[in-house]
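Colleague: These protein sequence lines map, in sequence, to chains Z and X. Per UniProt numbering, the first sequence starts with residue 1, numbered consecutively. Per UniProt numbering, the second sequence starts with residue 1, numbered consecutively.
Bear in mind the hints are in silico, worked out from the structure with no lab data behind them. Even for Gly, the Cβ is constructed at its ideal location relative to N, Cα and C. Be aware that a few hints might be false.
Claimed, not checked - Stretches of chain Z that chain X covers, calculated by requiring three or more beta carbons in the stretch to come under 8 Å of a beta carbon on chain X:
{"no.": "1", "region": "18–28"}
{"no.": "2", "region": "121–128"}
{"no.": "3", "region": "163–173"}
{"no.": "4", "region": "340–347"}
{"no.": "5", "region": "567–580"}
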Amino acid sequence: MAHSARRDCPELPDFSLLKRLARDRLIYLLEQLPGKKDLFIEADLMSSLDRIANVSTLKQHEVDKLYKVEYRPVVSTSDQLCFLIRPRIQTVKWICDVANADKAVGRLRKYHIIFTPQKFFACEAVLEEQGIFGDVTTDEWSFYLLPLDDDVISLELPEFFRDNFLAGDQRWVRTAGSALHLLHTLYGPFSKVYGIGRFSKMAYESWREQVEEGEQRARQAEIGTVFLIDRDVDYVTPLCSQVVYEGLVDDIFRIKCGCVEFGTEVTSDKSLKVMLNSQDKVFNEIRNEHFSNVFGLLSQKARNLQTAYDKRRGMDIKQMKTFVSDELKGLKQEHRLLSLHISASESIMKKKTQQDFQELLKTEHSLLEGFEIRESICFLEEHIIRQVNMMESLRLLCLLSITENGLLPKDYRSLKAHFLQSYGAEHLLTFSNLRQLGLLVEQPAGETLTVMESRVGKLVNDKTAGKLTGAFSSLAKKSNFRALSRKLNLVPKSDEEYDLRVPRDMAYIFSGAYVPLSCKLVEQVLERDGWTGLEEVTKLLNGQEFAVTGSIGADSSTKSDAQRIVIVVFLGGCTFSEISALRFLGREKGYKFIVVTTAITNSSRLIESLLGNIA
Amino acid sequence: MMKSKADEEDYWNSSKFKAFTFDDEDDEFSTLKESKRTVNSIRCLVEEDDDKEEVEKVSWNGEPVSSNSWSVSETAASNQRAEREPAFPKINTVTISKSHSGYSLSSLFKGETDGKVSLTGSSVLMMSSCCDQDYVSDWSPEETVHRMQQGKVVSLEKFRSLQDKLLLLDSCVAAHDGNVITAVLIYLKRTLSKEVLFRELEPRQTALSHLIHYLTETRDQRLLLELLRYTCLTCFCFQLLQYKEHLSIADENKRRDFLKSCLSLPFSPEDSSHVQDHYTLMERQVIIETTDRRAERGEKVERALILNMPLITTLSYCCLYHYSESEGTFSSPLNIRQTFKISEKQFFVTALGARAKLKAWSDVDALFTSRNWLGFTRKKSPLGFQRVVDILQKNSAPTQVLQDYVALVDDAELRITLAQKHKCHDIVINTYRDLKDRQQLLGYRGKVERGSGEERKIDELLNNLQIRWKN
Chain Z
1 MAHSARRDCP ELPDFSLLKR LARDRLIYLL EQLPGKKDLF IEADLMSSLD
51 RIANVSTLKQ HEVDKLYKVE YRPVVSTSDQ LCFLIRPRIQ TVKWICDVAN
101 ADKAVGRLRK YHIIFTPQKF FACEAVLEEQ GIFGDVTTDE WSFYLLPLDD
151 DVISLELPEF FRDNFLAGDQ RWVRTAGSAL HLLHTLYGPF SKVYGIGRFS
201 KMAYESWREQ VEEGEQRARQ AEIGTVFLID RDVDYVTPLC SQVVYEGLVD
251 DIFRIKCGCV EFGTEVTSDK SLKVMLNSQD KVFNEIRNEH FSNVFGLLSQ
301 KARNLQTAYD KRRGMDIKQM KTFVSDELKG LKQEHRLLSL HISASESIMK
351 KKTQQDFQEL LKTEHSLLEG FEIRESICFL EEHIIRQVNM MESLRLLCLL
401 SITENGLLPK DYRSLKAHFL QSYGAEHLLT FSNLRQLGLL VEQPAGETLT
451 VMESRVGKLV NDKTAGKLTG AFSSLAKKSN FRALSRKLNL VPKSDEEYDL
501 RVPRDMAYIF SGAYVPLSCK LVEQVLERDG WTGLEEVTKL LNGQEFAVTG
551 SIGADSSTKS DAQRIVIVVF LGGCTFSEIS ALRFLGREKG YKFIVVTTAI
601 TNSSRLIESL LGNIA
Chain X
1 MMKSKADEED YWNSSKFKAF TFDDEDDEFS TLKESKRTVN SIRCLVEEDD
51 DKEEVEKVSW NGEPVSSNSW SVSETAASNQ RAEREPAFPK INTVTISKSH
101 SGYSLSSLFK GETDGKVSLT GSSVLMMSSC CDQDYVSDWS PEETVHRMQQ
151 GKVVSLEKFR SLQDKLLLLD SCVAAHDGNV ITAVLIYLKR TLSKEVLFRE
201 LEPRQTALSH LIHYLTETRD QRLLLELLRY TCLTCFCFQL LQYKEHLSIA
251 DENKRRDFLK SCLSLPFSPE DSSHVQDHYT LMERQVIIET TDRRAERGEK
301 VERALILNMP LITTLSYCCL YHYSESEGTF SSPLNIRQTF KISEKQFFVT
351 ALGARAKLKA WSDVDALFTS RNWLGFTRKK SPLGFQRVVD ILQKNSAPTQ
401 VLQDYVALVD DAELRITLAQ KHKCHDIVIN TYRDLKDRQQ LLGYRGKVER
451 GSGEERKIDE LLNNLQIRWK N
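This is chain X alone, in the form it adopts within the complex (with noise of 0.2 Å):
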């Protein structure tokens, strides 16, 4: 990659002739600046320690203008660019910390891998150092991404040869101007096939990133998939963006059968089973939807729509309205739970806010009750006590609904907590109580009202000689 001092000679020499020469045919203003451009980074040059590595000295000629200057391949152009050191413009330069960037061990090795294009670069380099004489009223690649940064008029039509056009890609890739980079993509797009441009920008991250870009901006989703098709191997950038098509399509039924066209896609393991879990959703939606509307002319509650909602969503709905229905139907919660493979805490929770939104308190009961070998029941839940309360209460539960599972919260201070805040007066007594925390009973007697049945309570309560208070 290091160029021999011998070639360094003569690169300066022919830039220097190139910077004071090349402008002729332009305004003199322009001359001077670009005179004074070049005499600027030569006094850089000179100024610079002379125990600097070779290589920087090299990064530095990337400075005054000459297309042979750049390497072909994006990475060398960017390390070119990177190793320059930081500094202050015009300004004598102290630098304090050095680049790690430019010596990472990918890009090294890349730039090894990369055999072919350093090849086609040295090429260039004989090529146009022959026809510099025929060339000289032209823009170099460097040159050109300068002034169209400045908004100047620049005609690429001169960037025929590929070697040309991917020279003026590289420097502006490494002139880290994504206006220019996009549009020299528009202008390659257009001159090079498809096959030739994709070909090309595969090893070039930056610019590739650009062409996506550009194209999901353009809308031009045809020319996206082709190229994610061709460059994207590893990620699944492809499939999902012709998964993501279903989003921009209205009609449900088209929906669902473009759906099933994307279960075809090689994704990720992980992703297929959930693309295959939205198609079979989105089947399963419609299926729903078009018998609960015909079903629906009679009653008069409008029924929220389920198209296109989540998964529990749709699982809420069913536990509304289908909550009873036996396992072999769509619309059946089990059916759904079972499909789906939803978890038990998940089923839970959903069906505990249906229910509980319904008032069908003894489905809500009916939820936590299992038996042990005794033929006892016992309330269990695979949600905390406290959650299960939450979602009671969200859903307007009534006092006497609440205290029974109030009671089975394990912590007695959140049990005393939550009971204050529904008012159900018999828990944080009896917690109380059982705390034989007395100081606290006598101040929760101001809070019940009077002559209550909870006041008596209490009052037993404090009356009770045999229970020994710990205050």
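Next up, chain Z with everything else stripped away, as it sits in the complex (with noise of 0.2 Å):
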């Protein structure tokens, strides 16, 4: 794939210093608070602070024992408990039972809640509430961003997709907004941001206001170009089987913050943990291959590592000193990482070949051709019966609504009956989610979209019909994507040949069937320099976009460095498949893209947080 490459492609900025900020910031925090402590963190939030201070950083700042919340008694002996949490209420309260179980007892201490990436009022009312306000100090740690990679930055945020898209909560929306903020002022200023959906709209404006109340510095732009998409602008993206390796990576052992704990599947003995980004130089160079040619390049390497072995034979003593304290090390490392990448890829064919599977990608890519829908209609129907992965069956049924304008009455009563009869009863609840979102829906019966909306307007006295036109505007949003797959051009045709080594365009991360909508627009609108040209596009989407320039007295050649380095903005959550698709478009025109995106997503972590039976 390198050889299509650009060599113009510009460097990416330093993000490092996003970590170094954030650990300052938090040392800073605990200094506040002087004395031995011990440290409560919240459990998902290990993982994000792993990657920025590690143990004896907190050691060295008085902390003296470290603890996860979970929600039980706290057996600490400690005079001071500082607690490291998310701004949630359940948490919040939890800490008020701790401090009132204290007071019961007549035992003093101090208490501390560090919330991040910043407070909200609903926790301090919490506090107030249950008698503890005044008791205890708070302080917010405005850990926005934590660089997961050289060009991925997350929010570590997964509940943004269902507060902001399902509960209709925008609690977040200012917190994407500093984020951009924080970009702003330490890569801007930026020059040029588009964006589409009403959440990007949001941040953007929320952003606007921050940098219209801070101080500006004149400073030369190292990023220019800002792109915001929201998640519900393509659900079909996420909902696909990922099959470039690090997608594929994802779905099976799940990446978590980007580490992935291998089982014994693959490392035979005990499970083992691996960081998986660009410092891994064998991840590197296959993480963004489609799965068929990835064999191959570990083949290949392999035999390269050999020659590289086998170059000490015919060493006189002086060359194989330089040759152990040079590079022996490194081909030491390069050959374990090798061969855990190939037991993975093995664990991942045995896995990926089963008949199971293979007819799942075949139903997927009829779904997005629009091709034999009855027969993939009536693979559903056999999955769900024989209560086969229950995860599978929701995500084919939510592709199939989407590329289907919705299912038919018929189809959608009878698929769900089968699914609450396979799966559990209590999943009506999971169907009134997704049919909240969109994502499931049944077409109106015997009348086309338009006919209903006209009558919407006719009765728009009723009280109920604001609500109504809400829910059809939803369902027109979802019900377009054959239109926009035709538009963009986004399923090429099937007959013919697409070589997986040599990828010609995005499809590549989808077996050559389909080429995400999301990156897609990203690539029209940076050709476009805006959304011109694309009215039908945004109008299919349900409008929303914008976009915005504005001229800043940097002088234009670096400027045009600083244009083709792109920040992707998901707020929502995106794909392993997606950061690939924008590497693969980078090289091919020449951009840098940096995704920014509030948590990494992929369909089981979507669906899952769709899911209602929790309760």
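Fit chain to chain and form the complex, with the hints in mind.
Modeller: Right, dumping it as structure tokens:
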């Protein structure tokens, strides 16, 4: 793939600065609380914290013992308890219980809560209600952005998706704006901002307000262009099975905060945690490759390694000495990584060559193409009937609904009934969530949408009308996949050969079957320098697009370089496949993309966050 | 909805006036900042193209602070925000695309029908302009929201009249800051009666979602149910939330009784039957579980629990342990099939899996048997035989059982693949014979055991001169 790359890709800015800033701020906060203290850390913050500060850093600042927040009574004997948490009501309630329990036995302690990335009024209200306000001091650790790799930055806020899109709670909008503001201050000023989606627009406005409030230093821009996109603009892409190496590893083993835990099926003795990023030379070469290509590359690497080892034959003592001190360590490291990724690939192979997976992929491709839909529905029904993997059933149901403008009422009812029988009646709550998001809907019986809409127009005096239009617009929004696919040429013609080793477009990330809509929009907007000419597309996506340019007194030569460094912000999560596609696009067109996402997602995470069967 | 030119003039005077005076009691720094903000926004206005529509000019007024710039209804307020052209802060702006959202049909309609609300809006406008002097030291709703966003201390207590409260709410909705919206809602919840609060939230969808989410998180189930009952008439949120509560009931009898109480809720017709099925199933499971536990005491094998399991899992359990029971008992598979209207295919798949697990091959065989009018039996399946083989194989059926079903796979190629996979040599050989494929048969000879019956059979076929091989 490398040979097709353009050589003029600009250099990436250094994002390790973000980590340093976060660490310094944390140390400052810990120092505000002199003396020995026990630190309680929210479970899902532990991995992020790990990337910022290690245990010894914490110990240096008088953290005595570390605990995970487990919503149980604390056993600590320390006189100072410090809590590092997300601003969640449940966690704050637990802290109140801890403090109140101490009060009941007459025990005096200091309590300090550090909220990250910010505190919410609702949390303080809990402190007040529980009579703890004033006994507890609070602070904010404004740790917005965690660089997962050279070109991937995460807010590590998976709840952004559910809170925003399902619950309609905009609590994280300002957080996204602040994250953007931070990037702007450190690497900006940005001169072009494009976006699409309701929350993108809100986040953009929040950022703009924050810029207006603050002082602006004149500096040379390292990043010039920003593209914001809401996850609900494109649900198809995250619902597809991933077949690029990094995406596959995420689908099967789950990458958490840039780190994966390989179980015994890969490592043969005990499970092993491995960081997956560009530092891993082997991984870096295969991460963006279609899986069918990975074995070839790995064996090529194995041969190269053998040659490098063989060099030591015929060396004299001095040469051997330099070989051992300079190269051997690197070779050994590479050897270790190589054997790890080979076993991981084998394990993936075993799972993915099973009949079920092949059939799933085939069905998925038919859905994308809009071909043999009856057969796909039939397959789906049998899949549900046999009680195989529930998440896969839901994933395909959603994919079917989005690509087909909703299900026919007859199919919807029958599939839903089968689903509830097979996986549990309580999932009617899941169906309600999916319907609310427009992910799994029934086509309005016998009426086209426009008819429905005009009726709603007549009914507008009714107080429910507003809600109805809302429901229909969300329906209409998701129902245009075929038209979009035609307009943007998302599904390449199936009769053409697609050489996955020499990809010709971003479709390679889905075996040549589909160009991810999200990335296609990025490509088109950058190409056109805005949304001009894409009116029909944005109309199908329910509008909400914007594009703004600002001129900044930077000299034009550096500006053009910065202009080709593009931040793509995914509000609601992005997949590894999309990152791979953008990397490909960058190489083709001479851009460097930096993906900023609220969290890394995939089909399982997306659907899990919408399950309704949790008490 | 549009303000007249005169109104606009008035508004500008008042806002300028306010911006330069009401900070007097605050520190100088924020005064400076405030004026800077105002000045900045004025500059932007001046620099804007003259031929722009009037609406957009008005929308820019949203920037400097004044309570009367915000209309009361949520939609109106958000319209103002949406109409504001996207632009770069402090930078001269070039707008490439115009937002469509602000002009959507539904919101225009809504604005018109909200006559009542805009009336109160204008009265607030009058009131606040004549009382400006007295309120000079107070924060306007927008400024309050702004300070809250920055985490500064504010007092909400001064927002006492309903109008003031709603202005405050609408300002924070317009600022898209969920944190502040929730904070204001907590205050409104405390200072307004439920009836008034619910009534005012109903047309304010964004604020309503925030309150619902807040109540969900604080587990204030009772108020949440009341709120949903009042506001969600078209969707079935209330019913679903009520139903959802069963998940937190651990005791099976209580859970069952709770589900029973849900039956009277007005669900959609479709969901209503699902809830009914859920209750019937739970009732069934409790009975089966109780009788089986009693019977089991003599048995050694521990059976899996079926309580709270899906219907199909329950059916599978009954196919395992109650297969031959007459239709009259609660645990009979046939009875379950009848009660829950389980499809033929579904029943077949489940029974097949269960009987295969017990290696009851005669039962498996019986599932396929159907007699035609001549009394001959032949194997029929509502499921592709390829799937059947798959299910049998997953339940570790022996080769002699598997081959009966592999032989029934229609597609020759698929049949060969399956037969090879499951080592059903006879089928492979026969299929190649039928296809008259000598080469493949020759190749297959290498795969069977030396000196075995299969090898002999292949040799016989290969030497058979009556077969007209195609290759």
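Colleague: Now tell me if each hint is right for this structure.
Modeller: Right, here's what the structure says about each hint:
{"no.": "1", "hint": "18–28", "verdict": "violated (count 0)"}
{"no.": "2", "hint": "121–128", "verdict": "holds (count 4)"}
{"no.": "3", "hint": "163–173", "verdict": "holds (count 8)"}
{"no.": "4", "hint": "340–347", "verdict": "violated (count 0)"}
{"no.": "5", "hint": "567–580", "verdict": "violated (count 0)"}
Comparing the model with each numbered hint stated earlier shows that hints 1, 4 and 5 do not hold.
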